[in-house]
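Student: One letter stands for each residue in the lines below.
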Amino acid sequence: MDVISNLTMDERRRALLILLVMALVGLTFAAAGHGDPIAVHGALVLVLSLALAFPVMGHLYDPEPSIERFNAYYDDPSKVGVILTFVWAAFAMFVGDWVAWLMVEPTWTTGSAWSSFGRLRPVHTTGVIFGFGGNGLIATSFYVMQRTCRVRLPDQLSPWFVLIGYNLFCILAVTGYLLGITQSKEYAEPEWYADLWLVIVWVTYFVLYMRTLARREEPHIYVANWYYMAFILVVAMLHIVNNLAVPVSFLSAKSHSLFSGVQDALTEWWYGHNAVAFFLTAGFLGMMYYYLPIRAGRPIFSYRLSIISFWGITFMYMWVGSHHLHHTALPQWVQTLGMTFSLVLLVPSWGSAANALLTLNGAWHKVRDDATLRFMMIAAVFYGLTTFEGSFMAIRSVNALSHYTDWTVGHVHAGALGWVAMITFGALYASIPWLWKRERMYSPALVEVHFWLALSGTAVYVFALWNAGIIQGLMWRTYTENGNLAYTFLDSVVAMRPYYIARALGGLLYLLGALAGCLNLYLTIRFAAPATEAASRKPLRDGLDDAATQPAE
Amino acid sequence: MALGERDPVTGYLTTGHEWNGIKELNTPVPRIVYVFLSLTTTFGLIYWLLMPALPLGTTYTKGLLGYDERRVVERAVAHAEAERAPWHEVLDRQDFASFAADPAAMQEIREAGRLLFGQNCAACHGIHATGNTGFPNLAAGALNWGDRPEVLQQTIRVGVNSDHPESRTAQMPAFGQDGILSRPEVDAVIAYVHDLSRDGTAVSALAHPAGARIFAAQCAACHGADARGKADVGAPNLTDTTWLYGGDLQTIFQTVWYGRQGHMPSWEARLGARNVKLLAAYVADLRTRQP
Ligand code: HEM
Chain A
1 MDVISNLTMD ERRRALLILL VMALVGLTFA AAGHGDPIAV HGALVLVLSL ALAFPVMGHL
61 YDPEPSIERF NAYYDDPSKV GVILTFVWAA FAMFVGDWVA WLMVEPTWTT GSAWSSFGRL
121 RPVHTTGVIF GFGGNGLIAT SFYVMQRTCR VRLPDQLSPW FVLIGYNLFC ILAVTGYLLG
181 ITQSKEYAEP EWYADLWLVI VWVTYFVLYM RTLARREEPH IYVANWYYMA FILVVAMLHI
241 VNNLAVPVSF LSAKSHSLFS GVQDALTEWW YGHNAVAFFL TAGFLGMMYY YLPIRAGRPI
301 FSYRLSIISF WGITFMYMWV GSHHLHHTAL PQWVQTLGMT FSLVLLVPSW GSAANALLTL
361 NGAWHKVRDD ATLRFMMIAA VFYGLTTFEG SFMAIRSVNA LSHYTDWTVG HVHAGALGWV
421 AMITFGALYA SIPWLWKRER MYSPALVEVH FWLALSGTAV YVFALWNAGI IQGLMWRTYT
481 ENGNLAYTFL DSVVAMRPYY IARALGGLLY LLGALAGCLN LYLTIRFAAP ATEAASRKPL
541 RDGLDDAATQ PAE
Chain B
1 MALGERDPVT GYLTTGHEWN GIKELNTPVP RIVYVFLSLT TTFGLIYWLL MPALPLGTTY
61 TKGLLGYDER RVVERAVAHA EAERAPWHEV LDRQDFASFA ADPAAMQEIR EAGRLLFGQN
121 CAACHGIHAT GNTGFPNLAA GALNWGDRPE VLQQTIRVGV NSDHPESRTA QMPAFGQDGI
181 LSRPEVDAVI AYVHDLSRDG TAVSALAHPA GARIFAAQCA ACHGADARGK ADVGAPNLTD
241 TTWLYGGDLQ TIFQTVWYGR QGHMPSWEAR LGARNVKLLA AYVADLRTRQ P
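Top to bottom, those sequences are chains A and B. Residue numbering for the first sequence follows full-length UniProt numbering, starting at 1 and increasing by one per position. Residue numbering for the second sequence follows full-length UniProt numbering, starting at 1 and increasing by one per position.
These are computed hints drawn from the structure, not numbers from a lab. A couple of the hints might just be wrong.
[As the list claims (entries may be wrong)] Using 20 Å as the maximum straight-line C-alpha spacing, the simulated SDA-like pairs for lysine to any residue come out as follows: (1) B:K23 to A:G297; (2) A:K366 to B:T10; (3) B:K23 to A:P219; (4) A:K437 to B:G21; (5) B:K230 to B:P173; (6) B:K23 to A:G362; (7) B:K62 to B:L50; (8) B:K23 to A:L213; (9) B:K23 to A:I307.
With the hints as constraints, model all of the structure from the sequences given.
Tutor: This is the structure in C-alpha cells:
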C-alpha cells in the first residue's frame, strides 16, 4: 500500500504503537465491560485498530520514502477525507430521509429498538453535521492550509491521526445511538469516553494547524485560515465545557452531567449555538474564502470587510445561545442579551455573505456556466437568508410563534442544505480534480444534475417547513370566542401530513443529488483523463518548488 | 510589501498580498455596514435600558418599563380565571340533566370538551373517540361499565386497573396460561363465544354444547348466563358486534388463553373534578349525537 509506504519508518513505527495501544484499550473495555454496551464499543475499537495495524505491520520495513516528497504538498489525507465526506453524506442523508418518512408513516421501521425514530434521528444529525460536515472541513482545511501557507504539512502521521481518529469518534457516536448510548444533549449525544477521545484528536488537529502556520512561507496569514482556526479552537472549548460529566464507572457507558436544570439548558445552548457559529459557519466560511475566489478567478471583494466580519461573528456569537430558551425558566435578562446580540450579529453575517457575492463581480458569466461555482454562489445566498431568518427568529415575540414548531427545522435546513452542504459540494467538486490530478470531474453534466437536485430539494424542503411551522404556531395560539383553544395538538399533527410528505420528497431529491456526487467521484477517480502538465498548474500552481519560483510578493 | 495593483473590474487596489493565486482588494468597508451596525447596536442599548438586561451579582437591572414576563403571565392567567368564573359556577353546580337543557352550556361543553378530549384522551381513544384495538369506542356501541353520565364520570375519575385507590378493576382471567381450562376446553368455549354474536345464545349452544357448558361454569359469573355482560365488573357483552379486542377466533383465543387487563388511567389528579365532569358530559353528548 502506497499510502503506508509513503510514511517514514519512524512514522510507521509510531502509527503501529498508537494502534496497538488503542487495540489494548479496546480489549480492556470489551473484556471488562461485560453486560454494559461499552463492551460493544471496546470490541469495535479493537477490531478497527487491528484492521489498520496489520497492513502497517506488513509495510513496517519498507524503504524510506524518497525525499522528493518534500517538493509536493501532502494530499493523501485530503483524498481519503473527500471520499469519507461523500460516504457520510450518502449514509446520513439516507437516514435523514428515512426519519422524514417516519414522520409521515410511523410504522416504517423494522420494529426493533435501533430503528425507532428516537435513535435514528441523532444518527442523521450526527452523520450530516459531524460525519459529512466535519470530514469536509478536515479534508479541505489540510488542503487549504498547505496552499495558503505555501508549506507542506509538518509531518505525515498527525493528519492521519486526526482524520482517522475523528471518524472513529463519529462511528462510536452513531453506533452508540443505535445501541441506546446517549447523554441526551442535542448535538453532543456521545458519552464520556467518545468525548475524551475527541479531545485528544482535536488537540492534535489544533497543534497540527499551528505548526503548519508557524512554518508558513507567506508573510501574511490568509483570512481562510483565521476562520479555520476559530473553528478548531472554539469547538475544542465548547466540546470540553458542555461535556463535563462524571461516568457512573470506568466500565460503564453512562455518565452524569456536571450541570443540571436551567444551567444545563443554558450550557447546552451556549454550546449548541456556537456549534452553529463555529462548526457550521466559521469553518465553512474558511472553505468559502479559499474556493470561491480561486474558482471565480477573482480577488476577494474587500479584505477589510472580511476582517470586521470575522471579529464581529466571533465576538457576537458567544452571547446569543439564550435565544434558544426564550420564554422558558431562563431569567428574562439572559434572554434579552441573547436577542439583542442576535440582532447585531446580522450585520457581520451579511458582511460575509455580501463579500462573497461581490467577489463574483466580473465572474458572473462563470457562475452561469460552471455548476461548481454556482454551488458556492447559492451557498452564500442561503447563508445570507438563514442568518437573516435567524436574527428575526431570535426576537422574543417572533420566537413565541416559531419556537417548538417546524419553522425551526426549516431554518436549520436552509442553513444546512442551502449553505453548509452547498459550499461543501462546491469545494469538493473544485478539489477533486486538483487532488487526483484530473483534467476535470468525469461528468460536468452530473455536477449540473446534482446542483439542480440540491437546489430544488432545498427549496421544497424549506418552503414546506416554513408553511408547516407557521401553521403549527398559529394553530397552537388560536382561541375561540369563549376563550378555548381552537385546535388540539393532534389537530396540528394531522394538519402537518402534507407538509411532511413534501419535506420527505424534498429530502429525497437532495439525497439523489448527493448520490450523483458519489457516482461522479468514483468515475473521476477511476476513469477521468489525467490532467496535462499545463492544466495541473492552472488555476493552481500545485507543486511547492513551482510556487517557489513564482514568489507571491 | 509590494504595492497593490489595480483590479480592472472594480477599479480598487489590491492589498498587494497573494496566496496560491488569491488576492484581496483593499476596498473600504461599505458605509452601509457601519450604518446598520450603529442602528442595531443603538436598538440593543435602548432595549437594555427598557427591559431586564444586565446581571448585577444577585440581581439584575429591571429596565425602565418594569416589564416582568412572569408577572405578565400570572396576570393573564388571573384574568382568564376571572372571566371564566361564571361558567365554572355553572359546571360545578348544575347536574348532567340540566346541562342538556341549557344550550349555552352545551355549546361550551362541546367546545371545551373537544379540546380536553383531544389533548388527553385522543391518543388512545382516537380523535373522534371511535377507539382502537384494545381501546374502547366511546362514541357509539355498548360500554363495558355503562354509559350514564354519572358512570362515565366515575370511570374517568378513577380509571380502570389504574393506581387510583378506588380504581375500577377489570380482570379477564388467563384461563389457558393459568391452567384453569385445558386446550380442548378453551377451543370449545371460544367456538361457542365466537358464534354468539352471529347466532345468539340458543343456536350457538346447540352447535357447541360442550362450549356452552364450560361457559355456564366458568364465564357466566362475570359475563352473565346470557353472555350479555355485567357492568359492575366491567365484563363486556359477548353477544353484540362491539369488540374491545376483536371477535375473530384467533383474538378470542388470545383473550381467553392469556387473559386481558385493559389499563385506563385515572384523571382525577391530573385534570381535576371540574374537567372530569365536563368530559363525562362531553362523551355522553357525543353518544347522543351519533346516528
Ligand atoms: C445570524 C445567524 C443566526 C441566528 C441569529 C440564528 C438563530 C436561530 C434561532 C432563533 C433558532 C431557533 C431557536 C428555537 O426557537 O428553538 C435557531 C435554530 C437553529 N439554527 Fe440558527 N441562526 C443563525 C444562523 C444559522 C445557520 C447559518 C445555521 C446553519 C446550519 C443554523 C442552524 C440552526 C440549527 C441547527 C438550529 C436548531 C436548533 C435546535 O435543534 O433546536 N442557524 N437559530
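Student: Run every hint past the structure and note whether it holds.
Tutor: Hint by hint, here is what the structure shows:
1. B:K23 to A:G297: holds, 9 Å
2. A:K366 to B:T10: Cα-Cα ~17 Å, so holds.
3. B:K23 to A:P219: holds, 14 Å
4. A:K437 to B:G21: holds, 18 Å
5. B:K230 to B:P173: This hinted pair holds, its Cα atoms lying about 15 Å apart.
6. B:K23 to A:G362: Status holds; Cα separation ~14 Å.
7. B:K62 to B:L50: Between K62 of chain B and L50 of chain B the Cα gap is close to 8 Å, so the pair holds against 20 Å.
8. B:K23 to A:L213: Holds: K23 of chain B and L213 of chain A sit about 19 Å apart, inside 20 Å.
9. B:K23 to A:I307: holds, 15 Å
Hint compliance for this structure: no hint is broken.
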